Amino acid sequence: MTKLILYWCLAVSLADFCLMGMDKYKAKKDLRRVPEKRLFLLALLGGTPGAILGMWTFRHKTRHWYFRWGLPVLLTLQLALWFGWEYGAELL
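Numbering (my numbering), first residue to last: 1 to 92.
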């Protein structure tokens, strides 16, 4: 189960990273943008590492507080949830 979750997060992170890059490209070319809701939805579904990496790699969405602070908080919550799921029963 852990490997499946890891592969899922890796795939969704890669997708979110690519979307960050595509949105930055579209912003520079004044084209139709990727909706912020889509970026956050993929992060919520496990793509937070890719979203954060994409945000800093492409220097994109770094001025928006809800990306700059929201994504790290979301990642912390996701890691806490995963840790609790994996090791919670052993701690009791």
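It is possible that part of the hints are untrue.
Here are the simulated SDA-like cross-link-like pairs (lysine to any residue), alpha carbons at most 25 Å apart as the crow flies [claimed, not checked]:
no., residue 1, residue 2
1, Lys61, Gly21
2, Lys61, Glu86
3, Lys61, Lys3
4, Lys61, Pro72
5, Lys29, Leu75
Derived DEER-like restraints, expressed as beta-carbon distance ranges [to be verified]:
no., residue 1, residue 2, range
6, Arg68, Leu4, 20 to 26 Å
7, Trp85, Lys29, 39 to 45 Å
8, Leu10, Val73, 20 to 26 Å
9, Tyr25, Lys3, 31 to 37 Å
10, Gly21, Gly70, 37 to 43 Å
11, Arg68, Lys3, 15 to 21 Å
12, Ala80, Tyr7, 25 to 31 Å
13, Lys28, Leu6, 31 to 37 Å
14, Ile5, Tyr66, 35 to 41 Å
Think of the hints as simulated: they come from the structure by calculation, not from any bench. Keep in mind it's a predicted model, so treat the numbers as computed, not measured. Glycine included, C-beta positions come from ideal geometry on N, C-alpha and C.
For the range 15 to 21 Å, tell me whether the beta carbons of Arg68 and Lys3 fit it or not. For Lys3 against Arg68, whose Cβ atoms are near 32 Å apart, the range 15 to 21 Å is violated.
Are Trp85 and Lys29 spaced within 39 to 45 Å by their CB atoms? At roughly 42 Å between Cβ atoms, Lys29 and Trp85 fall inside 39 to 45 Å, so the hint holds.
Note whether the CB distance of Ala80 and Tyr7 lies within 25 to 31 Å or breaks it. Taking Cβ atoms as reference, Ala80 and Tyr7 lie about 21 Å apart, which means the hint is violated.
Given the hint of 37 to 43 Å, is the C-beta distance from Gly21 to Gly70 inside that range or not? violated (19 Å)
Quick check on a hinted range of 35 to 41 Å for Ile5 and Tyr66, using CB atoms only. violated (26 Å)
For Arg68 and Leu4, compare the CB-CB distance with the range 20 to 26 Å and indicate the outcome. violated (31 Å)
Starting from Lys29, check that the Cα of Leu75 is at most 25 Å away, please. violated (31 Å)
Between Tyr25 and Lys3, does the C-beta distance stay in 31 to 37 Å? This hint holds: roughly 33 Å between Cβ atoms.
Between Lys61 and Lys3, does the CA-CA distance stay at or below 25 Å? Cα-Cα ~31 Å, so violated.
With the threshold set at 25 Å, check whether the alpha-carbon distance from Lys61 to Glu86 stays at or below it. violated (32 Å)
Please verify whether Lys61 and Gly21 have alpha carbons no more than 25 Å apart. holds (11 Å)
Hint check: Lys61 vs Pro72, CA-CA at most 25 Å. Holds or violated? holds (13 Å)
Hint compliance for this structure: hints 2, 3, 5, 6, 10, 11, 12 and 14 are broken, all remaining hints hold.
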